[in-house]
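All chains, please: the whole structure from these sequences, using the hints.
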Amino acid sequence: MATASTTSPPSTLDSDSPAKKTKLGKCEVCANRDSKYCCPRCEIKTCSLKCNKIHKLEVECSGVRDRTKFIPVNKFTNLDLSSDYRLLEEISRVVDVSKKARCNLRFGLSRRFLLLQQQALQRKISLKFLPRTFARHKNNSSMFNTGTKIIEWHVDWVFVNSENFKVSEEKVPENGRISSILSKYLAKQESEEMQEKLQYYQAADLPGIRILLKAEQKSGKKFYEIDPTYTLKDCLRNKIIIEYPTIHLVLKDQALFYDIVDSDDEEDCKKELQKQMKSGQEVINKIIKKSESEDGLYESLKNFLFISEYSDEEGESEGE
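If you count the sequence shown from 1, position 7 lands on 7 in full-length UniProt numbering, and the numbers rise without skipping.
Wrong hints could be hidden among the right ones.
What the hints assert, rightly or not - Within a straight-line C-alpha distance of at most 16 Å, the following computed EDC-like cross-link-like pairs (lysine to aspartate or glutamate) qualify: (1) K171 <-> E152; (2) K138 <-> E163; (3) K222 <-> D259; (4) K184 <-> E169; (5) K171 <-> E192; (6) K69 <-> D80; (7) K214 <-> D259; (8) K138 <-> E170; (9) K252 <-> D205; (10) K233 <-> E152; (11) K214 <-> E225; (12) K214 <-> D262; (13) K138 <-> E243.
No lab work stands behind these hints: they were computed from the structure.
Put into structure tokens, the structure is as follows:
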């Protein structure tokens, strides 16, 4: 018995059949060809690079996906979750960098000056700085030597009786005695100009000279008298220094007109130093407290993103 063939002839699909049409539809710019690309930001469909550039110009689109765009819950996918988590990580890194920058450049200070100020405070020296644009701040070469663990000061020596001749000396060690530091100026100088300006001081020698440290933040011009047998570190203790010490050298017979600070005024400096130390600790505590609160917010956001993961683990444990 002959059986009829069940094989049907192949069907032909015309050009307009749905199988040949792209899922994106026609190009929304030229409307002539099928779309190949979808803009990550505004979701406009285009067929070519030319149409893509036209759409960017017309709607002023950057072509960069908006990572903060609202997505309904029913359309929220694992890719969106991963993208949000990466965004939070990037935000956290930016916040951490910003906090470190604020700490390191507080009041516009560089790390060198912040370390110097910290070390000076440990030595009971109230070190203050002027704004960056001031010449005195730019000339300040003082630093804390991390290798030797000593402060190397920039010191201005003012020889008052030589028409206020000023010598700026760098890297003056804090553990050096004043008499030893000054000895090179009281010896014969190689430069004729220096020799001429310092001849009166060389003649008077150290016993005939009064060494005066400028007292900062005092009404009028006041000075502390320095004992040349002390180290620079001892002379600066319980003193306010703006940028670096300025020390005046005056011949004893002409030092009567200088206003010397007494011990009561030094007690005022101690009180101000204690106040500065207390305020500095308060600033540190505030930064730590704020950092802890920000970290807590970040942890809560992370927990919110991974709540589905924790729910799955809890379900598995309950099933066991």
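Can you give the numbers of the hints that this structure goes against, from lowest to highest?
Going through the list in order, the structure violates hints 2 and 5 and respects the others.
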